[in-house]
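2 protein chains.
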Amino acid sequence: MKNIESLLEKFKPSWEEQEKYGHIAARILHDLFRICEEKGIDADPILVGSFAKDTNLRGGDLDIFVRFSKKYTAREMEKLGLELGRAVVSDPQAKYAEHPYISGYQDGVKVDVVPCFRIDKSSEMVSSVDRTPLHTRYVNSHLSEEQKDEVRRLKLLLKSLGIYGSEIYRNGFSGYVCELLIDRYGTYRELISNFAEMRGRLVIPKGALHSGKFTSPFVLMDPCDDNRNAAASVSLESFSKLKMAAKLISSGVESIIFNGTEARNASDILKRHTAFRIFRIPHPGLVPDTVYPQAVKFREVIVSILHDGGFIPVSSAIDITEDIDVMVECERAVVPRVVRHQGPSVDMPNSIDFLMKWRGKKVMRGPYIQGDRLYVEIERECTVLEDCVMRSIGSYDIGKNLNLFREQLKILDPVQDMALLETKVVDTFVNEIFPRMEKIVGIEHLSAREDL
Amino acid sequence: MKNIESLLEKFKPSWEEQEKYGHIAARILHDLFRICEEKGIDADPILVGSFAKDTNLRGGDLDIFVRFSKKYTAREMEKLGLELGRAVVSDPQAKYAEHPYISGYQDGVKVDVVPCFRIDKSSEMVSSVDRTPLHTRYVNSHLSEEQKDEVRRLKLLLKSLGIYGSEIYRNGFSGYVCELLIDRYGTYRELISNFAEMRGRLVIPKGALHSGKFTSPFVLMDPCDDNRNAAASVSLESFSKLKMAAKLISSGVESIIFNGTEARNASDILKRHTAFRIFRIPHPGLVPDTVYPQAVKFREVIVSILHDGGFIPVSSAIDITEDIDVMVECERAVVPRVVRHQGPSVDMPNSIDFLMKWRGKKVMRGPYIQGDRLYVEIERECTVLEDCVMRSIGSYDIGKNLNLFREQLKILDPVQDMALLETKVVDTFVNEIFPRMEKIVGIEHLSAREDL
Numbered sequence: 001m002k003n004i005e006s007l008l009e010k011f012k013p014s015w016e017e018q019e020k021y022g023h024i025a026a027r028i029l030h031d032l033f034r035i036c037e038e039k040g041i042d043a044d045p046i047l048v049g050s051f052a053k054d055t056n057l058r059g060g061d062l063d064i065f066v067r068f069s070k071k072y073t074a075r076e077m078e079k080l081g082l083e084l085g086r087a088v089v090s091d092p093q094a095k096y097a098e099h100p101y102i103s104g105y106q107d108g109v110k111v112d113v114v115p116c117f118r119i120d121k122s123s124e125m126v127s128s129v130d131r132t133p134l135h136t137r138y139v140n141s142h143l144s145e146e147q148k149d150e151v152r153r154l155k156l157l158l159k160s161l162g163i164y165g166s167e168i169y170r171n172g173f174s175g176y177v178c179e180l181l182i183d184r185y186g187t188y189r190e191l192i193s194n195f196a197e198m199r200g201r202l203v204i205p206k207g208a209l210h211s212g213k214f215t216s217p218f219v220l221m222d223p224c225d226d227n228r229n230a231a232a233s234v235s236l237e238s239f240s241k242l243k244m245a246a247k248l249i250s251s252g253v254e255s256i257i258f259n260g261t262e263a264r265n266a267s268d269i270l271k272r273h274t275a276f277r278i279f280r281i282p283h284p285g286l287v288p289d290t291v292y293p294q295a296v297k298f299r300e301v302i303v304s305i306l307h308d309g310g311f312i313p314v315s316s317a318i319d320i321t322e323d324i325d326v327m328v329e330c331e332r333a334v335v336p337r338v339v340r341h342q343g344p345s346v347d348m349p350n351s352i353d354f355l356m357k358w359r360g361k362k363v364m365r366g367p368y369i370q371g372d373r374l375y376v377e378i379e380r381e382c383t384v385l386e387d388c389v390m391r392s393i394g395s396y397d398i399g400k401n402l403n404l405f406r407e408q409l410k411i412l413d414p415v416q417d418m419a420l421l422e423t424k425v426v427d428t429f430v431n432e433i434f435p436r437m438e439k440i441v442g443i444e445h446l447s448a449r450e451d452l
Numbered sequence: 001m002k003n004i005e006s007l008l009e010k011f012k013p014s015w016e017e018q019e020k021y022g023h024i025a026a027r028i029l030h031d032l033f034r035i036c037e038e039k040g041i042d043a044d045p046i047l048v049g050s051f052a053k054d055t056n057l058r059g060g061d062l063d064i065f066v067r068f069s070k071k072y073t074a075r076e077m078e079k080l081g082l083e084l085g086r087a088v089v090s091d092p093q094a095k096y097a098e099h100p101y102i103s104g105y106q107d108g109v110k111v112d113v114v115p116c117f118r119i120d121k122s123s124e125m126v127s128s129v130d131r132t133p134l135h136t137r138y139v140n141s142h143l144s145e146e147q148k149d150e151v152r153r154l155k156l157l158l159k160s161l162g163i164y165g166s167e168i169y170r171n172g173f174s175g176y177v178c179e180l181l182i183d184r185y186g187t188y189r190e191l192i193s194n195f196a197e198m199r200g201r202l203v204i205p206k207g208a209l210h211s212g213k214f215t216s217p218f219v220l221m222d223p224c225d226d227n228r229n230a231a232a233s234v235s236l237e238s239f240s241k242l243k244m245a246a247k248l249i250s251s252g253v254e255s256i257i258f259n260g261t262e263a264r265n266a267s268d269i270l271k272r273h274t275a276f277r278i279f280r281i282p283h284p285g286l287v288p289d290t291v292y293p294q295a296v297k298f299r300e301v302i303v304s305i306l307h308d309g310g311f312i313p314v315s316s317a318i319d320i321t322e323d324i325d326v327m328v329e330c331e332r333a334v335v336p337r338v339v340r341h342q343g344p345s346v347d348m349p350n351s352i353d354f355l356m357k358w359r360g361k362k363v364m365r366g367p368y369i370q371g372d373r374l375y376v377e378i379e380r381e382c383t384v385l386e387d388c389v390m391r392s393i394g395s396y397d398i399g400k401n402l403n404l405f406r407e408q409l410k411i412l413d414p415v416q417d418m419a420l421l422e423t424k425v426v427d428t429f430v431n432e433i434f435p436r437m438e439k440i441v442g443i444e445h446l447s448a449r450e451d452l
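Residue numbers (this note's numbering), protein chains in the order written: chain Z, 1 to 452; chain G, 1 to 452.
Quick caveat, the hints were computed from the structure, so don't treat them as lab data.
Among these hints, one or two may not hold up.
Each pair may be met inside one copy or between any two copies, as identical chains are not told apart.
[Claimed, not checked] Below are the SDA-like pairs computed for lysine to any residue, each with C-alpha atoms no more than 20 Å apart in a straight line:
no., residue 1, residue 2
1, K148, T187
2, K271, A333
3, K357, S69
4, K271, K361
5, K297, E322
6, K79, L29
7, K357, S250
8, K206, D225
Modelling step: build the complete structure from the supplied sequences, incorporating the hints.
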């Protein structure tokens, strides 16, 4: 039986690994210092991220930032930063997040070299990467040696729950949020017993609500930035999963969390007797950070059209590989011609407006009174799922880039065309995105995901 | 264009009619007096009902009660009462409501002769008919001559709305309620302006709620009986219809009420693309007052089974002729195999019980968390409407008499078998029981319904 201690034993990096990482980091930092000096670049490299804070898990990567003087323009800094990165790692690849950086390898370890501006407080910040070194400094000056392993325990729990990581599609807890939570509660155990008893929102510190600026279920002020909720990426669902897990652990049944069940088979969807459709549009060929939020919007629009059309969508999944696929499961693919529309109570002054509005209109029945409310039954324009989506999609905004592809929308039925069951989005549907406590990710998957 | 004044002109009885009714009543009362005297029966006849109160509409019937001394047993009184009734009308027929009475004709006018006990206040009452003469006395001593026509206006409005009558299946306003309402508001016009502005419950007098005994939306204390809500038969829906009508009248668009649209055709249901079924059980051959409440229960049970089964019932109708027919319209006749079951919020202490209860059970998916709630998806036992009802009906109570016929339930589909479109319940569905402001009964129908 796995538990949090067995996980820590397995996934805390060995001394050998830490030493190896230390050597690699020292070599790269040294090289960067040297090149800056040689070329007269006013910049200094700094080790950041979980290795720098000693809260890393086995097989993680190294994050090295190069802090430039603010005398450079953003463009100059980026150009110099990419040159520096290319000079110090093998297989350098330029990547583009909020601004460009270099990702490469050294002795089998993934290393990111990220240029940023050198600042002392968040108010001087140009882009969010500038703040990262402040986070490293904060954690190192606030957490004790013992607390580093408490952070690792929390990270391992969150990975087991599938809610670790601040990437936009994960809606999870970042490493920094884990560190701030241990800073707040002292230990993993204490955090668990607090979450097990928690009801409703969590706001740290309490005063953070005074401005009324933060409305999410979990607000954790960034001690390095008064204007930032460090936990903004944590969704209600992820927050709720941690609460539920804490209840299980406090009740002595934590084995449920750490011993996941088997993966499901795509053909399982056939047993549900529901209507599945894959909504596919071409990938615009842009980076995930640009595409993902638009894909989410695409999903929301599809689900909302299906809901309004009466098809009763029950669940959905997104997959972004060659195309952008949204799979939606509905209770039905054909709806009755008639739809009942609820009006006001007869007690309301506008009840007469409702009556007059619908009188004489082409209705299927009504307006009539049932209980104390007015109703009218009208005719649906579309009774078939495909028609309904095809007719409506053109008038919805699904993001700047995806809007260009709305007219190329294809609607596929994986039950009619069984080859589609091999599609990644079907696997995602049965096993991944749709939240399932039952299928809490088996810990064996962890190493493959260590780069998260 | 019809309005309330044109209706009054048309349906207020002429002097000739009133005189004719007066002569008939006088003759019968005289005969009854004579027979009682001859036979030494300690009883006196009394004219009651709307004619006695001068609040009757054209073509109504006559109600003559025979008040017996309480020295008789109920059985003796009933036996003597039926004999007396048979002696004074043509075509006498014994009928049975709370107790037996004679219904017959005289010169084309329907006359009911009803035996009751002679009482002075409601506390001495044996059955509710004993109280009726008190009502007649109250109304005649409280309403002015002018107010009689105000009562007639109100009755005509309520008939136009299809909510006049205290019969159990009508859920409407009795004549006595109309008289008490005019007693309270003074005039029809004043009543309308009060109902147009009314919100929520109406309680007359205000103090009637002190006991907490009456919870219905409209409470009108019977001035002849402190323990009785005279408006108990008025449903929320009927009460709401009067409010809505009052709003229309106050806004000057009363023509909507008095000029009904054409009746709908049974085949209209075919356009709705929904699932219709007629649920038919044999008539137990008992009086309406016994059968109707059980038929209502039957309908409620069917609708509830269909609702729980996921078939989304949207409307229904009852017809009691040769058989008892309940017609229900559902959004679908086949449901998905999977059904989602909502559990508690993760914040609730019982969330862990929900999780443990479903873990390891045969579920289609879950338990999982969405938002802050737990869900599980389980397999439905029945996915076909007929199976679902047939399997369940045996375990529901549909009334003492109808329970004996549960196993003879037939489920018919008027869309598959078009001959069934001629069934009365289909007509009721499209035109009658299901409330429709649009199809407020055309006043031409009134005379055919005057015996209600």
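Practice task
Identify every previously stated hint that the structure contradicts and give their numbers, smallest first.
Solution key: Result: hint 3 breaks, nothing else.
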